[in-house]
Amino acid sequence: MNRCTRCIYPDTRPDSHFDSDGVCSGCRSFDERASIDWAARAAHIEALIAAAKKRQAPYDVVVPVSGGKDSTYQVLRMVELGAKVLAVNGATDMLSAIGRRNLDNLKRFCDVIEWTPNIEARKKLVRIGLFRVGDMSYPEHLSIWSLPTRIAVKFGIPLIVWGEQPQREYATPDGIIPATTLDSSWVAQFGGLCGLRVSDLVGEEGLSERDLEVFRFPSDSELDSAGVQGIWLGDYELWDGWKNGFIAQQHGFEVMPHPVETSLANYENVDNHVTIPRDFLRYLKFGYTRGTDIACNHVRRGRLTRNEALRLEQKTVGFPWTSLGKPIEEVLAYFGLTLQQYIDECRRWMNPDIFSGFGDNFHPVLRKPNGAGHAHHPGTAQQGRQSHQGTAVQS
Amino acid sequence: MALATRIIPVLLNKGGSLIKGRQFNHSRVVGSTLQAIRIYQARGVDELVYLDIDAQTGPDFDLISKFAAECFMPLTVGGGVSTLEHFRQLLAAGADKVAINTAAHQNQDLIAQAAKRFGSQAVVVSIDVRDGDVVTHCGRTPTGEAPVGFARRMESLGAGEILLNAVERDGCLGGYDLELIAQVTGAVNIPVIACGGAGTYAHLKEALDNGAHAVAASALWHFTEATPKGAAQYLALNGHNTRLAA
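Top to bottom, those sequences are chains A and B.
Numbered by my numbering, the letters in the first sequence go through residues 1 to 395 in order.
Numbered by my numbering, the letters in the second sequence go through residues 1 to 246 in order.
What the hints contain is simulated information worked out from the structure, not anything from laboratory work.
Glycine included, each C-beta is placed from N, C-alpha and C at the ideal position.
Honestly, I wouldn't trust all of these hints.
[To be verified] Chain A stretches covered by chain B per the calculated footprint, using a threshold of three residues with CB under 8 angstroms from any CB of chain B:
| hint | stretch |
| --- | --- |
| 1 | 11–23 |
| 2 | 106–117 |
| 3 | 197–209 |
| 4 | 310–318 |
[Claimed, not checked] Which chain B residues stay away from chain A? Per the calculated CB distances, all over 10 angstroms, these:
| hint | residue |
| --- | --- |
| 5 | Q35 |
| 6 | A36 |
| 7 | I39 |
| 8 | A42 |
| 9 | D62 |
| 10 | M73 |
| 11 | K116 |
| 12 | R117 |
| 13 | G144 |
| 14 | R153 |
| 15 | L178 |
| 16 | A202 |
| 17 | E225 |
Sequences are here, hints too, so could you generate the full structure?
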């Protein structure tokens with residue numbers, strides 16, 4: 001596992017690409033922000049909203065919301081730009097008390113639809129997600145895309161305004177330009193679905209095609225005929241999640257009294273108790289945590305040094321005994337899972353190239369120390385890339 | 001009833017990560033290899049090809065036996081195979097077939113010996129083709145040999161199957177190299193698995209119509225909503241006998 005020479009991203013992070021200087025695509029995207037004409041982008045989104053208004057649909061804009069800091073900011077920003085906003089929340093699997101309050105807070109600014117797919121069906125999907133792809137948030141990864149888009153199609157609402165463009169903010173593969181519209185092919189490729197498709201799930205644990213229909217992202221032709229387009233607000237202004245959190249707090253958004261487990265922030269991922277055990281599994285697979293993402297965002301914006309980021313990341317890599325303060329056993333039990341089942345899966349999902357095993361208290365042990373104090377040699381990423389070119393069988 | 005046409009996902013492993021590139025370059029981590037194995041196990045696919053592209057010092061037998069224990073469909077394993085002992089250990093670790101590429105050029109006795117000891121059905125020669133030339137070392141080293149002649153020679157040495165990959169098409173989702181498929185399938189009697197370029201179900205049909213005995217793909221499953229079952233249903237509707245369509 002090599003790390004970006006500027007931030008601390010490992011090259012094991014999905015979709016990341018390191019250039020010949022050992023700099024990751026997230027840092028390069030950040031560099032590109034300096035050459036973008038942001039005034040023109042601002043004019044562009046105003047024009048999109050003006051065009052949406054002309055359609056005279058019940059709403060101009062759908063904002064998909066979790067109730068988090070970004071979605072609160074997106075709602076505020078769209079209202080500020082004069083759009084009639086419908087916020088659509090695809091219910092989370094295990095909403096926290098603070099998440100409930102933050103979601104209700106949004107109802108002061110716009111109309112909100114909370115759409116809750118059958119809880120028992122979702123619990124099944126959480127279990128399938130854990131055992132099949134090591135991702136307990138699998139039903140949410142489907143519903144965050146599908147539900148708001150389905151509402152937009154249903155009501156003919158022309159514009160869906162998503163928040164950060166993850167390809168720009170975090171990682172995009174070599175030679176692939178980040179998308180500017182969110183459609184079914186983007187979701188299939190970058191939607192975090194781990195290669196598992198809704199169509200795979202029919203018949204699993206008694207789930208029928210109709211049970212699963214709400215999780216299906218509308219086809220391109222459904223979007224086209226309803227005249228619906230999905231865009232990312234992060235393409236139109238200088239995106240900064242930390243700033244969004246600051247602004248959201250001035251409008252009633254509540255933060256946690258302490259940083260969220262597996263992360264470095266107290267202002268995001270505060271709404272869902274599933275997120276923390278899910279993030280730990282992702283760390284075991286790919287060697288980075290939500291704390292790594294947050295640290296890298298701060299490094300790029302000059303708010304943390306690389307060494308500070310490396311040291312802080314270490315605070316986020318332990319076994320998640322609690323999730324937003326709730327004992328993990330309680331969280332697992334809600335989904336019909338035991339701690340032993342979860343630990344067994346953790347063992348299976350651990351990437352043997354990155355980790356040598358678990359230490360005391362199920363603390364994952366890295367094969368290579370995390371490098372706090374020194375950047376890896378800039379040549380390393382390039383050499384690494386050359387060594388894994390292509391599909392051929394090597395001898 | 002004729003033997004069913006096989007639809008074969010190809011997994012490229014590096015460390016424990018699943019990767020995919022374009023034209024044997026630009027590789028990206030698309031997930032964890034175990035995820036893909038569990039998904040294809042649940043999908044009940046006909047067969048799986050697993051290639052370790054970072055196996056310079058030979059196959060990682062521990063990792064492969066861990067993966068093989070998770071999948072019950074026929075499994076072809078390649079990457080870093082250069083000795084008869086590698087064959088033996090991979091088959092013992094749970095592989096049903098072993099794929100060789102660079103070693104097929106460097107040590108042709110290996111194919112004959114492996115076929116004699118383990119049977120031709122266990123010997124898959126992976127042929128990568130770029131600009132009409134067979135290439136080795138992950139597509140980097142041209143051999144100057146044409147694919148048809150090479151494929152015939154591998155067949156005569158005892159290879160049981162050919163995995164035919166068009167380097168320029170790899171990962172591009174634009175369709176297989178149909179001319180290459182027609183040439184090679186016309187020249188040998190052993191099964192040829194077409195690989196490199198599938199981006200739609202129609203592409204799979206084109207490869208079969210041009211003589212391929214089985215169709216392999218990876219980007220198609222990683223990056224689009226296509227699934228092996230969907231492919232099987234499409235092919236069955238279009239005149240090809242597939243097992244998963246039933």
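Hints that the structure is at odds with (numbers, increasing):
2, 4, 5, 6, 7, 8, 9 and 17
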